[in-house]
Amino acid sequence: MVNTAPFRDWPWQNFGLYKYLLFGPLLARMIYSQINEGVFKNDWCLQILVICILRALVYFFYDSLVNMLFLTSTRRINPQGYDFKQIDKEWEWDNLIILQGLIASLACYIFPPFIENIPLWNTKGLILILILHVGISEPLYYWVHRCFHGSFLFTHYHSLHHSSPVLHPFTGATATFLEHLILTTITGIPIIAAYMMGFESRNMIYGYLLVFDFLTCLGHSNIEIIPHRLFEILPFFKYLLYTPSYHSLHHTEMGTNFCLFMPLFDAIWKTLNRDSWELHKKISSNAGKKGPVPDFVFLAHVVDVTSSMHAPFVNRTVASQPYTTRFFMLPLWPLAFTVMLFMWAKAKTFLISFYNLRGRRHETWAVPRFGFQYFLPFAQEGINNHIEEAILRADRDGVKVISLAALNKNEALNGGGTLFVNKHPDLRVRVVHGNTLTAAVILNEIPKDVKEVFLTGATSKLGRAIALYLCQRRVRVLMLTLSTERFHKIQKEAPLDCQSYLVQVTKYQAAQNCKTWIVGKWITPREQSWAPKGAHFHQFVVPPILSFRRDCTYGDLAAMRLPEDVQGLGSCEYTMDRGVVHACHAGGVVHLLEGWTHHEVGAIDVDRIDLVWNAALKNGLKPVSKSH
1 MVNTAPFRDW PWQNFGLYKY LLFGPLLARM IYSQINEGVF KNDWCLQILV
51 ICILRALVYF FYDSLVNMLF LTSTRRINPQ GYDFKQIDKE WEWDNLIILQ
101 GLIASLACYI FPPFIENIPL WNTKGLILIL ILHVGISEPL YYWVHRCFHG
151 SFLFTHYHSL HHSSPVLHPF TGATATFLEH LILTTITGIP IIAAYMMGFE
201 SRNMIYGYLL VFDFLTCLGH SNIEIIPHRL FEILPFFKYL LYTPSYHSLH
251 HTEMGTNFCL FMPLFDAIWK TLNRDSWELH KKISSNAGKK GPVPDFVFLA
301 HVVDVTSSMH APFVNRTVAS QPYTTRFFML PLWPLAFTVM LFMWAKAKTF
351 LISFYNLRGR RHETWAVPRF GFQYFLPFAQ EGINNHIEEA ILRADRDGVK
401 VISLAALNKN EALNGGGTLF VNKHPDLRVR VVHGNTLTAA VILNEIPKDV
451 KEVFLTGATS KLGRAIALYL CQRRVRVLML TLSTERFHKI QKEAPLDCQS
501 YLVQVTKYQA AQNCKTWIVG KWITPREQSW APKGAHFHQF VVPPILSFRR
551 DCTYGDLAAM RLPEDVQGLG SCEYTMDRGV VHACHAGGVV HLLEGWTHHE
601 VGAIDVDRID LVWNAALKNG LKPVSKSH
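Anchor point for the sequence shown: position 593 equals 593 in the numbering used here, and the numbering is continuous, going up by one each time.
Check before you lean on any hint, since a few could be wrong.
Said to hold, decoys possible - DSBU-like, lysine-lysine: derived pairs with alpha carbons at most 35 Å apart:
#1 Lys515 <-> Lys423
#2 Lys448 <-> Lys290
#3 Lys400 <-> Lys451
#4 Lys281 <-> Lys423
#5 Lys281 <-> Lys448
#6 Lys400 <-> Lys507
#7 Lys400 <-> Lys515
#8 Lys515 <-> Lys622
#9 Lys492 <-> Lys521
#10 Lys400 <-> Lys290
#11 Lys492 <-> Lys618
#12 Lys423 <-> Lys348
#13 Lys618 <-> Lys451
#14 Lys400 <-> Lys618
#15 Lys400 <-> Lys622
#16 Lys400 <-> Lys85
#17 Lys289 <-> Lys348
These are computed hints drawn from the structure, not numbers from a lab.
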């Protein structure tokens, strides 16, 4: 049933990104005064825009902080992750800033002197607004908040705020239109009162609003950053400032901890949760200690600088969508590059995301190296050292399976993981390259009635397995390779009665009549032009080839959708859709779920391709490639 309570929905509910045009009149008025009078006469327009931007930056700062799992994972109050459902629900968190910006602009338009004649600094005003906040805003908010926990108001309004399973700074700003109208009134009372008493100043307005947002984010951050020793040294201070763990109890035991920022009022009106300080001490004391041990680790790496900004700790909203170059994030490129340089020098691996599946924790760690570095001869030893350290760390922690992503298992780099298994024969963690499932995904995309395929990258690890599998299905495989020696080596691995189905070719022209291309080596638009009209390009090459031919179709990179019971997954894996991971990632998941005890490194065992495929389907993973 649709909730149609009055003032629940926002007036610009269906505007999408166009809602930011509501600030257009402010910007236009500011530009008009500059053009016609040479100065920003309407200074209040600029001030409101600056305040709104700074307030948004406070939320973005906390959004980044709470998702820096490599720093905050042991300080988390609720160990669950943020899933796509919660992220979408909190998508319009900035409505609060827009609302208050519009109200402020309306007030300044009606009373222009409100900001234009306000002095920059007034110490008495800072003291006064603090007194007004404690004496008016705090108790008023407390009782309004308790009213919203009544049956009708909670059901029709406040339940939206409490529907987020894991607190996040954006949760603090997610509420209905009516709630934020009331909150705006509560926030505005101290400012208006100070103005009417003649103690106003710009630093008071900026400071009050930014501190208000900072404390809102603090309480909803889900990470405990306030040390418990502070309250042991200053016992009464715990009644003056709430903590993230204190506010988290309000979301689990809703009849307690109603205060805005000061637990003093919960204590006065006897709604203080008796476990507040014990929970705070417990979480604060555990900070920095060993966190939860994952059962599975996917060891990824950075592709380039722009893709590094797709990490959840940069912006969770962006990370919750498939990666694409977003021009509004390009100004952050220098900062991202600087951070990456620091990680090259200091970091070994870092935790970037996690999710839970079948009661088991799955984490993604990243090696701080760009894709191009894997092809620099002098960099390979250092990269292998990073990968080896990650494997040994996983082994020490008790991780059961670690899966190597993309270039981390490059054959020329470490023999598809063989280097580490041979060097450390007593590893308890299983090292998996996941390419068996990658091969299975590609092979199951190929229609059963295909009689001939053209294969590039034919002597690679995947190319070899695909060729051997298809020839046993009596499919003629045109293997593009200039190395006769490597071709014959693969051909000899096939059964005698199947070897004739493997054919060496040295030019793309040989495939001009073949409509099924399997691309394992990047090909140019010129090379694609040899494919006949109506051809389909399957591919296992990174990056994907350009979709140059309008008269042909192109397959996706090998990938699978995770089971529906996955929990806490809130970021997309590079260009993959929500809930979809690369096949090598999925291969490691299957390895764990099946409890297999062997390492999957080196050459692909062709006889296991169907076994791994069936195991993936049995465990709820689904293929996602487009049909053709």
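Hint by hint, here is what the structure shows:
{"no.": "1", "hint": "Lys515 <-> Lys423", "verdict": "violated (44 Å)"}
{"no.": "2", "hint": "Lys448 <-> Lys290", "verdict": "violated (51 Å)"}
{"no.": "3", "hint": "Lys400 <-> Lys451", "verdict": "violated (41 Å)"}
{"no.": "4", "hint": "Lys281 <-> Lys423", "verdict": "violated (44 Å)"}
{"no.": "5", "hint": "Lys281 <-> Lys448", "verdict": "violated (62 Å)"}
{"no.": "6", "hint": "Lys400 <-> Lys507", "verdict": "violated (45 Å)"}
{"no.": "7", "hint": "Lys400 <-> Lys515", "verdict": "violated (42 Å)"}
{"no.": "8", "hint": "Lys515 <-> Lys622", "verdict": "holds (26 Å)"}
{"no.": "9", "hint": "Lys492 <-> Lys521", "verdict": "holds (23 Å)"}
{"no.": "10", "hint": "Lys400 <-> Lys290", "verdict": "holds (17 Å)"}
{"no.": "11", "hint": "Lys492 <-> Lys618", "verdict": "holds (33 Å)"}
{"no.": "12", "hint": "Lys423 <-> Lys348", "verdict": "holds (19 Å)"}
{"no.": "13", "hint": "Lys618 <-> Lys451", "verdict": "holds (29 Å)"}
{"no.": "14", "hint": "Lys400 <-> Lys618", "verdict": "holds (20 Å)"}
{"no.": "15", "hint": "Lys400 <-> Lys622", "verdict": "holds (23 Å)"}
{"no.": "16", "hint": "Lys400 <-> Lys85", "verdict": "holds (29 Å)"}
{"no.": "17", "hint": "Lys289 <-> Lys348", "verdict": "holds (18 Å)"}
Taken one by one, the earlier hints fail for this structure at numbers 1, 2, 3, 4, 5, 6 and 7, listed in ascending order.
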